[in-house]
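Assemble chain B onto chain A, guided by the hints.
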Amino acid sequence: MIVYSFAIEALQLLLLLLAAPAFAGWVRTVKCRMQGRSYAGIFQPYRDIARLFTKEVILAENASWIFRFTPYLVFGVTVMIGGIVPFISTDLPFAATADVIALVMLFAIIRFFTALAGMDIGTAFGGMGSSREMMIASLAEPAMLMAIFTVSLAGNSTSLTRMVQVMAHGEFVIRPSLAFALLAYIMVHLTETGRIPVDNPSTHLELTMIHEAMILEYSGRHLALIEWAGQMKLFIFSTLGIAVFCPWGIPASNDLLAIIGGGALLAVKLAVLGVILVLIETGMAKMRLFRLTEYLGSAFLLATLGMLSFFILE
Amino acid sequence: MTPFDIAIASLFLMFAPVILAPCCARSRNLTIHLSFSLTAAASLAAVIAGILCVHLESTTSAVVQMGLPDLPFHLRLDPLAGFFLCVIGLLAFFVSIYSIGYVKAMPANRPITRFVVFFCLFIAGMLLVVLADDAFFFLVAWGLMAASSYFLVLYEDEKTENRRAAYLYLVIAHVGAIAILLSFGVMAAQANGFETFQGYTFDAMRATSYPLGWATAAFLLSFFGFAAKAGVIPLHVWLPEAHPVAPSNVSALMSGVMLKTSIYGIVRITFDFLKEFPWWWGGIVLVLGLVSAVLGVLYALMQHDLKRLLAYHSVENIGIILIGLGLAMIFTSFHLPLLASLALIAALYHTLNHAMFKGLLFMGAGAVLHATHERNMEEMGGLIHRMPWTSALFLIGCVSIAALPPFNGFVSEWLTFQAFLFSPALHRPILSLLIPLGAALLALTGALAAACFVKAFGVTFLGHWRGHHHIQQVREAGWSMRIGMLLAALTCFLLGIFPTVVITWMDVLSRQMVGGKIATSAGAFGWMWLTPYSHERASYSGFNVFIGILAVVLVAWLLLHARKAGIRRVPIWDCGFEKLTPRMQYTATSFAMPIRRIFGFLFAIREESHAVEPLRHAAYPQRLQYRLRVRDRFWGWIYEPLREIAFFLARKIGNLQQGRIQVYLLYSFVTIIVLLVFLG
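Chains as they are written, first to last, in our numbering: chain A, 1 to 314; chain B, 1 to 680.
Just chain A, same shape as in the assembly (with noise of 0.2 Å):
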């Protein structure tokens, strides 16, 4: 029986490495395709990470071992977490080695060492990329921390399958809270994934790029992990949103049947949400880095909101 949750669990694994570029190529081509531009096609991003895994790798002369330890770093934390959400099945072996505020924090060694790594050239770029990521995240983690807060007092849990289950299965009740914690999640969800109105995955323009910014001096496989990686993060907080939002349909046991129902139905609401984030960034412009204060700071309040409510209205 354990051989088989590790493998339900190994199973999640690869979907998760497999399907996270699919997922980055269909919002690419849906958006496109609402801007009135060609698309490469979903699998577009299949083809770039195998081109950049072949590359040479170019690294600056004085690049440390943060540098270059940084991909690899990046990657695997990105596994792991992916190794806890639940989205293919609640019964995973993994899922009880963090819960939601590890989670968080899981997230935060990413953005930590990647800041580092943009600081280690020691060029302006990537020093600016690492500063407005730090800025930016200083804002955005404790909103989304505050909103996961909210869900998790509503499930009186904060491990993950708990969660899960107690929304998909227990007493279906309307809580403000949780539409406080929802719109703060969504504010967060473009913040953490980089994308319109925080920051724009597809520009390389100095006076609005922050990601792109810090990763600016990466090559070679070193970028093909950081970009995986990137895409696996947009899937897992896709994934996340939908596991503690809108948990109906993911199984609660191991029943193969049950997990390709589950694994079906998880690809039309992926579908749709990727629909949904593409409306909200072709719909808004892109903010005035010094905007996002106050756009982060309506997160963080929303969500803040989300928890008082709940201790003062349930």
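Simulated from the structure, these hints should not be mistaken for laboratory data. A few of these clues could be false.
Claimed, not checked - Here are some, though not all, of the chain A residues that point toward chain B, as calculated from beta-carbon distances under 8 Å:
no., residue
1, S5
2, E9
3, A108
4, T304
5, M307
Unchecked claim - So the derived label-pair ranges between C-beta atoms look like this:
no., chain 1, residue 1, chain 2, residue 2, range
6, A, F6, B, N376, 49 to 55 Å
7, B, A604, A, L265, 28 to 34 Å
8, A, L279, B, G526, 47 to 53 Å
On a predicted model such as this, the values are computed, not experimentally measured, just so you know. C-beta atoms are modelled at their ideal positions from N, C-alpha and C, and glycine is treated no differently.
Below, chain B alone, put in the same frame as chain A:
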């Protein structure tokens, strides 16, 4: 040998260098090796005593016929004291090893003996504070600790800055000590009245039940006193002045463990002596903790002096510990022993963790200081190439303090968050507001701390060297310094991946203080899992996180290196500019600029930039001068008015001094008349 005997032996060992060091003062090398090996041995003994005492749950007390007649010194080693003995001893052990190299590398014209003597007295003072079992002895030990640390802060006394910092430290330490003295006075009076002296023992205070009014007075006084020592905002101003100017091994001890003696004091007085208290005491502690945590980290972000930055982080971390303590007090007053024990364990575990990583960071800062002769981060950069050991160990400290798993800072922060989240409805409107807000502010603190340590590590160790002299002069720290830091880093790591072992060991503390015990583990492989309540509500396994990340990283690395793939080293891409200089990198000030802009209203900021002559054209200045001053607002709000008042009073009282003998004779005459009238 009982734990108590070991503790006493440790004290004797600790006092030995005080006598030996002056005897062998002629040989600098001998003094250093002998003294610091003795303090290391003594500290290790203290750790063993502490571990055994908590493990065996033993309580031993003794009376020493010393001090004033009829007022003997009382000593007592119970699990709470044992835990703090362990914290102090552990860091003192690492710092002692580190000090061998550090003190050797100090300029040869500095007198070593003085340093060694006060160093030993300082650690001994801290050990005595937790062992003392009466108010009199406690204050003697407290004074020993304060005075010896004052002399250590003053060690490099040729700089005005250092003398000022030491003086400020002494003033605030004494104001605090007076408040603690008054608090003991209140409790002793309740315990046994003023007729006999027997009320001054802690046993008497423990056995008394206090009326609410007097209990509140005692609590507020003692909390004020301990807060002054711990650097709780707004009593923190001495801390960022005194910690940076002390030698780094002393800063490590002051920040890492001296502040913790006040945490010991607060726990001892509230949970052990007063026992029953209303919830708003906890509310006060919680609010002050939150204020210290958030403001401490924000002030830290604005610093570009490496040691000052670390000192402000101590304010932040003391804040986090107080958040845990405040929650424990609130839950105790609502009779929720399980939650209270969770919050208390979170606070105490953070106490231990902070001692380890802050000690490590200050030791790292000391190594950097010795290598570069510079505290200003704007003059550093690229040290990772010259100091691989120090940078790697400093990085571990940064990751721990930024609360990233799988290191230790995360575990205690996680426990504190759990205490917030488990909090049920407490039916007090203020608490329903305070608890969510508290969780929000703690989350904000954690994120800002990460930003701050990206800045600290990135600007100091990464990028290019910004300093004036050549980077070739920068050398890696010596072996003993590396070993000291390595041990502290290893402890950070072990406390992060095996928290359950330590928390099970600490169980007795929560049982004795708040009468509850958290469930630490469940099922097989219990040591792996941290489950404070039940497996279903929350679980964390630092060990699995570590192994998981390690496994994926290794697999990815091996897969990518199976085929010999080339790495080409090239010059930095400079966008065709060709004139990149190290001065064009992001600096500490520019790194923190976005955050300074967001939270600017909390600081007194003065920023000016103007063009420097010669000007060829008004629109194209050749050189710009930029000045930025960020100051703590509390100086202007609290301390400057206080200083003004003190000077005003002094001037008024000074009018009494006329300098003529007749006037003084008149004063004595009037005094005698007044005394005769009132006492006659």
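A quick look at each hint next to the structure:
For S5 of chain A, the interface hint is violated, since its Cβ never comes within 8 Å of a Cβ in chain B; the closest pair sits about 15 Å apart. Below 8 Å, beta-carbon pairs count as interface contacts, and E9 of chain A has none with chain B, the closest being about 11 Å; its hint is therefore violated. Hint status for A108 of chain A: holds, given a least beta-carbon distance of 6 Å to chain B, under 8 Å. This hint holds: T304 of chain A has a C-beta 5 Å from the nearest C-beta of chain B, less than the 8 Å allowed.
A least Cβ separation of about 4 Å between M307 of chain A and chain B falls short of the 8 Å threshold, and the interface hint therefore holds. Checked against the hint of 49 to 55 Å, the C-beta distance between F6 of chain A and N376 of chain B comes to roughly 53 Å, which is consistent with it. The hinted range of 28 to 34 Å is not satisfied by A604 of chain B and L265 of chain A, whose Cβ atoms lie roughly 57 Å apart. A beta carbon spacing of about 49 Å between L279 of chain A and G526 of chain B agrees with the range 47 to 53 Å that was offered as a hint.
In summary, the numbered hints that this structure violates are 1, 2 and 7.
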